[in-house]
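Enquirer: Now for the letters of each chain:
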Amino acid sequence: GEDVEQSLFLSVREGDSSVINCTYTDSSSTYLYWYKQEPGAGLQLLTYIFSNMDMKQDQRLTVLLNKKDKHLSLRIADTQTGDSAIYFCAESGFGYGQNFVFGPGTRLSALP
Amino acid sequence: EPEVTQTPSHQVTQMGQEVILRCVPISNHLYFYWYRQILGQKVEFLVSFYNNEISEKSEIFDDQFSVERPDGSNFTLKIRSTKLEDSAMYFCASSLRQRTEAFFGQGTRLTVV
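As you go down the protein sequences, you meet chains A and B in turn.
Last residue of the first sequence: 112 in our numbering, with the numbers rising by one and none dropped.
Last residue of the second sequence: 1113 in our numbering, with the numbers rising by one and none dropped.
What the hints contain is simulated information worked out from the structure, not anything from laboratory work.
By construction, the Cβ of each residue, glycine as well, lies at the ideal position given by its N, Cα and C atoms.
You can trust all of the hints, since none of them are fake.
Partner residues aside, some chain B positions facing chain A, computed with beta carbon under 10 angstroms: (1) Gln1037; (2) Ser1058; (3) Thr1100; (4) Gln1106.
Some residues of chain B that are not near chain A, with every Cβ distance over 12 angstroms (derived): (5) Val1012; (6) Arg1022; (7) Leu1030; (8) Asn1051; (9) Asn1052; (10) Glu1053; (11) Glu1068; (12) Pro1070; (13) Asn1074; (14) Thr1076; (15) Leu1084; (16) Ser1087; (17) Val1112; (18) Val1113.
Start from the sequences, fold in the hints, and give me the full structure.
Expert: Below is the structure:
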């Protein structure tokens, strides 16, 4: 079945850029998403990219998609302590039984 | 800003009891979903709902689970006879179109004792 993988932990210094990586297996993925989960909170949609795009930028966030390698990344510029959270990569396609498939989440720690 | 709201935020129930988790999706959305996240594990798809019927469900969504949209605003998940392994955070989500930009609620933490 479909699978989404991420590294589990990332620590960066405040002010540096964070890059969170994700790989997925489903070649029919149509949309790829990044969600943020703060402690005890729900899943906040940060951004998403359609599979025919290579890059999407939204303020401090840059999403890069390499469809050939099935690799997605989220870059957070000027990382702040408030960015500390778990970041989930997710994909959705149009095959039967395919709703959002989430990765395990990357815990980002922004250190002062 | 419109948001998905879920109640209660935390529910404790005894094994074997029935629970109903409630969600109010974003008002103009047409697709509704339930997901769950067992502590320390991945967010898993349970069920999607469209046009007053289940459109897809996962293997997790067995006969113990049911969903309903009893009126124009609420979307509920019922677990008939809870088991210890049902303890998880349950997330409701809604989207305007299928599988695009799903907005998630804050979750209900269900603890079965």
